[in-house]
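Using the sequences and the hints, build the whole thing.
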Amino acid sequence: MLAQAAGGVPLAQLRYTAPLPAAYDTEKIDRRLVLCHIVPEDCGGFMYTQGLDSLGADCLHQATDAAALEQRFQSKVDADDRIEPKDWMPDAYRQTLIRQISQHAHSEIVGMLPEGNWITRAPSLRRKAVLIAKVQDEGGHGMYLYSAAETLGISRDELLEQLLAGTAKYSSIFNYPTPTWADVGAIGWLVDGAAIMNQIPICRCSYGPYARAMVRICKEESFHQRQGFEIMMTLARGTPEQHRMAQDALNRWWWPSIMMFGPNDAASKHTAQSMRWKIKRFSNDELRQKFIDITVPQAEFLGLKVPDPDLRWDEATQHYVHGPIDWKEFEEVLKGNGPCNRERLETRRRAHDDGRWVREAALAYAEKQRARETQAA
Amino acid sequence: MSQQRKQWPLYEVFIRARSGLEHKHVGSIHAVDARQAVEHARDLYTRRQEGVSIWVVRSSDITASDPGEAEALFEPAKDKIYRHPTFYSIPDEVKNL
Chain A
31 MLAQAAGGVP LAQLRYTAPL PAAYDTEKID RRLVLCHIVP EDCGGFMYTQ
81 GLDSLGADCL HQATDAAALE QRFQSKVDAD DRIEPKDWMP DAYRQTLIRQ
131 ISQHAHSEIV GMLPEGNWIT RAPSLRRKAV LIAKVQDEGG HGMYLYSAAE
181 TLGISRDELL EQLLAGTAKY SSIFNYPTPT WADVGAIGWL VDGAAIMNQI
231 PICRCSYGPY ARAMVRICKE ESFHQRQGFE IMMTLARGTP EQHRMAQDAL
281 NRWWWPSIMM FGPNDAASKH TAQSMRWKIK RFSNDELRQK FIDITVPQAE
331 FLGLKVPDPD LRWDEATQHY VHGPIDWKEF EEVLKGNGPC NRERLETRRR
381 AHDDGRWVRE AALAYAEKQR ARETQAA
Chain B
435 MSQQRKQWPL YEVFIRARSG LEHKHVGSIH AVDARQAVEH ARDLYTRRQE
485 GVSIWVVRSS DITASDPGEA EALFEPAKDK IYRHPTFYSI PDEVKNL
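So the protein lines, in turn, are chains A and B. Under my numbering, the first residue of the first sequence carries the number 31, and numbering increases by one thereafter. Under my numbering, the first residue of the second sequence carries the number 435, and numbering increases by one thereafter.
In case anyone wonders, no lab produced these hints; they're calculated from the structure. Each hint should be verified, as a subset may be incorrect.
Stated by the list, open to error - Straight line, CA to CA, 30 angstroms or less: simulated DSBU-like cross-link-like pairs of lysine-lysine:
(1) A:LYS249 with B:LYS458
(2) B:LYS458 with A:LYS106
(3) B:LYS514 with A:LYS106
Right, dumping it as structure tokens:
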């Protein structure tokens, strides 16, 4: 491992190089990941990280080289100990995490767009202030997650490049449009509600930085869901037209929200490995069921109808039974053929390009100031 | 073509939640300089009044112990259990000790 003569090792060096096998070139990590591991067919069930827990066979093979280390690593995970950036970890674990965390981060960033669309048209100053705060939170969540991904040896710039180049995935839920104000309510209530359901178990994820980011995110997410429900409540109790608007939003967001949990367990090939690594703690179907069980009564409270003709309460299991999910639609959106895929990425690219001069000017200014200070000293 | 990559440097962020508590590491942030790092840290880590004071330090300026050598590094304390109060047996009838 890392040989260091006396005393310490600079943190940066440890964070970015020490845990990587010698053969690893940090600069190339992103391309390897992109090329071999994003498999749209199996989105693996991390709702913000679709296309994810699909490990390439080569990764698993590489990991066997370090069998002894891996065994020690696994016993640590089994003992519910946390893995930290500088600890040894299997290559496949590192790559799975980079993909999962970065896709989660990208989802937060792209997730700002559908709601940001309504900031200028929010129906009151209160709603507008709330929406700005919420969208700002989503941006913040993206930052926490990018930071967590960076501890695994990939740079922020590389992560952003993957998003803008379209090689990285983000949750397909954000490829649906937000034509009415009720969509802002539905997103908060359903999309953030589903996200919370998925994210709470990740607070106990085996990788320390990811778990810590998730704790912070979950604390903030609850406000998002409640403000969304409040919007829905106001509309549902409003004029018949407002009620219709709320129902229409529920009609459009229900199934995409249900699909956020990923494919059925039987179709999710790599859940087992992620569970063994304690990156994932519940299966897709378990989380989906929990979400449906708590959300259906909320819809009833609102006086809205869940758009699933087969939905029924099963007395024996004490769970709701839902109708068949249209995975065709899900796959299409995942492939990039959703209603807003192209628009979302274009918007991100434009924002990135338009902001370039600001990033460069800020850096140049800071460098000039530093040079002046050195000169004066 | 790979563009000229010039990333903003990375800073580690420490926040004091209230007077009387120590600064605690909360995460990291990219910024052009320390001053901007403080402002960005405020926006990212204290949106809900989580702090009354912020420290930032360039990540590259932190020296950390090597986990590979943790065993050797922390070994000296291992056999010195007499540093703990429970090492000493004191009769029950002795109070306040």
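**OP:** Identify every previously stated hint that the structure contradicts and give their numbers, smallest first.
**Re:** none
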